[in-house]
Amino acid sequence: MGKMKENTTITKKDIWRTFWRWWWTCEMSNSYERMQSVAYCYAMMPVLRKLYPDNEDYSEALQRHLTFFNTEGIVGSVILGISVAMEEERVESQGKMPGETIIAVKTALMGPVAGIGDTITWGTVKPLIFTLALTASVKGSILGFFLLFLFVPATVIYGWYLMVMGYKVGKTAFASLLESGWINRIITGAGILGLFMIGALSATTVKLQFAGTYMSAGAEKTFQSIADGLVPGMLPLLAIMAIYMFIKKKGHKFGTIIIATLVIAMSLSFIGIV
Amino acid sequence: MFYVALFAGLWYTFAGWRPGYSTHEIWMFPLMVALPIGLIMGNVPGAMILGSAIGMLYVGMVAPGSETPADMSLAGLIGISIGLSINADPGTAIMIAVPFGILGVFLNQIRRTINAKFAHMADKHALSCDEKGIARCAILYPLIMNFVLKFPPAFVTVYYGAAVVEKFIAMLPGWMLNGIAVAGGVLPAIGFAIIISMIGKRSIFPFFFLGFFLVQYFHVSTIAAACFGVPIAVIIVLLTKESQDEVIASTNKVDADSSDDELEVG
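Same order as they appear, the protein sequences are chains F and H.
The numbering of the first sequence is the working numbering, which starts it at 1 and goes up by one.
The numbering of the second sequence is the working numbering, which starts it at 1 and goes up by one.
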């Protein structure tokens, strides 16, 4: 490594800047090949420039943060916090923290963190606020428009908190975070909440019913009422399970799933079942 | 229709560019675009009703790894503006919207394929420490590419679409229209199935059914469901912690109580 800067201390303002750079841009340059890597590098730039005045070190650091990266953006802020701390650690320890370790840590964390984040941000917080907004506007009120934006402060608050936490944990007890059972318990808890909420949400948003009626004791009854008598929500549940089994067996083939859904729905509609 | 078509094209570009992590799904959400479309077309309540109906299809949709199962942005822009211009009821607006939501998925896939090019350019800029170059790859080029890719389909469909779509719908047989509407109702299931496959470990799978049947049998709102879900998750996590701690404690003790094993979760 080249010459070190005298005073490399990262301030809260630097972390704040990194957070907002990430928050604004992390989905813009998303690509299949590298996902959010360009945004990650763009967010880290001010901190890296401050830490590495030497261009050779700076270039190396930029390349480190252009490697494949993909996570959920809000809870994922915790990883940027850790990266900032590790880069600072690398400079303060005169390069004893290897660059490969910094890459390895962010790569190891992105998967589990995405699982937690998708569950909390997109599986729980978003549907709560968006459903509230939809309900407010169902008869034509403009209130729902404004309610949607509650999602911004709601997510920015815990995103920022996690970013600072990531930085602090990265500075002090990074190894113990991974080794202790703490992160596993968070993953389990988020998984339980996520599955529970996805169950609740799919019960209200996935709609599939039997069509057709029949006469019984002089009254017209629908076939759906028989199904409801057996197990309510049987068809939506079957649809979710069928798609789930397909993904488990064949992987994430969205085009195929969407077209199959359309074809099956039209066929069932043609023969009058749905 | 020129101004609303212009808005649709520009907004589809802007929303597809996805500025702001928390905001990107707000920009895309049909209920959000309903207000500006309503203002341009002079029918705000009508637009909000259609926006709310179309939004209902996509509210629970999760897009893990940004892989959207349906493009609610294109669906909302086209469904609301065309629906409003032909005085469609919410059901018809949904039928207009759903096919465009499917079409939009492929545009998003093209976007993310082209974006890889900008990552390669950023690699070169990193070698020469060109900060502005990296910033352009992260922000500017994706915007330009979005405009080229997304402005034309949204603008053309809304500008020429109303009459064509109306004629087209009149031509389609009833079972086909019903089939599209049914498929629309099933679309959210794709997003759910993806996230279940991501987080659904066998040991915690029953919680999905717990949430599903809580709502099916008792018809509680999403917020009420969360009021049950959060404590359940916290209780399980705390119990797991205690039992783990107890297991550790009991292995240290010589005369370990056998009842500790019963508490163990997972």
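I should point out that these hints are in silico values taken from the structure, not numbers from a laboratory.
Predicted model only: the values in this text are computed from it and were never measured.
Glycine included, every Cβ here is placed at the ideal spot set by N, Cα and C.
Don't take every hint at face value.
[Claimed, not checked] Below are the SDA-like pairs computed for lysine to any residue, each with C-alpha atoms no more than 20 Å apart in a straight line: (1) K253(F) <-> I110(H); (2) K253(F) <-> R112(H); (3) K207(F) <-> G91(H); (4) K207(F) <-> P90(H); (5) K201(H) <-> M241(F); (6) K207(F) <-> S225(F); (7) K253(F) <-> F106(H); (8) K249(F) <-> G91(H); (9) K124(H) <-> Q63(F); (10) K96(F) <-> S59(F); (11) K132(H) <-> T256(F); (12) K207(F) <-> P99(H); (13) K253(F) <-> L239(H); (14) K132(H) <-> A108(F); (15) K117(H) <-> E33(F); (16) K201(H) <-> K139(F); (17) K139(F) <-> L239(H); (18) K201(H) <-> A108(F); (19) K207(F) <-> M176(H); (20) K201(H) <-> R49(F); (21) K124(H) <-> A242(F); (22) K253(F) <-> K117(H); (23) K253(F) <-> K132(H); (24) K139(F) <-> I86(H); (25) K201(H) <-> L239(H); (26) K253(F) <-> L107(H); (27) K201(H) <-> P112(F).
[Stated by the list, open to error] Some, not all, of what chain H presents toward chain F, calculated at C-beta under 7 Å: (28) F208; (29) L210; (30) I235; (31) L239.
Results of checking the hints against the structure:
1. K253(F) <-> I110(H): With a Cα-Cα distance of about 15 Å, the restraint between K253(F) and I110(H) holds, given a limit of 20 Å.
2. K253(F) <-> R112(H): holds, 16 Å
3. K207(F) <-> G91(H): holds, 13 Å
4. K207(F) <-> P90(H): Holds, because 15 Å separates the two Cα atoms, which is no more than 20 Å.
5. K201(H) <-> M241(F): Since the Cα atoms of K201(H) and M241(F) sit roughly 15 Å apart, the hinted pair holds (cutoff 20 Å).
6. K207(F) <-> S225(F): With Cα atoms ~15 Å apart, K207(F) and S225(F) stay inside 20 Å; holds.
7. K253(F) <-> F106(H): holds, 12 Å
8. K249(F) <-> G91(H): Roughly 34 Å between the alpha carbons, so the hint for K249(F) and G91(H) is violated.
9. K124(H) <-> Q63(F): holds, 9 Å
10. K96(F) <-> S59(F): Measuring from Cα to Cα gives roughly 18 Å; hence the hint holds.
11. K132(H) <-> T256(F): Measuring from Cα to Cα gives roughly 40 Å; hence the hint is violated.
12. K207(F) <-> P99(H): holds, 17 Å
13. K253(F) <-> L239(H): violated, 38 Å
14. K132(H) <-> A108(F): violated, 29 Å
15. K117(H) <-> E33(F): Answer holds: K117(H) to E33(F) is near 9 Å, not above 20 Å.
16. K201(H) <-> K139(F): Since the Cα atoms of K201(H) and K139(F) sit roughly 40 Å apart, the hinted pair is violated (cutoff 20 Å).
17. K139(F) <-> L239(H): violated, 45 Å
18. K201(H) <-> A108(F): With a Cα-Cα distance of about 19 Å, the restraint between K201(H) and A108(F) holds, given a limit of 20 Å.
19. K207(F) <-> M176(H): Holds. K207(F) to M176(H) sits at ~17 Å (cutoff 20 Å).
20. K201(H) <-> R49(F): violated, 42 Å
21. K124(H) <-> A242(F): Roughly 45 Å between the alpha carbons, so the hint for K124(H) and A242(F) is violated.
22. K253(F) <-> K117(H): Roughly 23 Å separates the two Cα atoms, so the pair is violated.
23. K253(F) <-> K132(H): Roughly 37 Å between the alpha carbons, so the hint for K253(F) and K132(H) is violated.
24. K139(F) <-> I86(H): holds, 19 Å
25. K201(H) <-> L239(H): Satisfied, since the Cα-Cα distance of roughly 18 Å is no more than 20 Å.
26. K253(F) <-> L107(H): Holds. K253(F) to L107(H) sits at ~16 Å (cutoff 20 Å).
27. K201(H) <-> P112(F): Holds, because 13 Å separates the two Cα atoms, which is no more than 20 Å.
28. F208: holds, 4 Å
29. L210: Holds: closest Cβ of chain F sits about 6 Å from L210(H), inside 7 Å.
30. I235: violated, 9 Å
31. L239: violated, 10 Å
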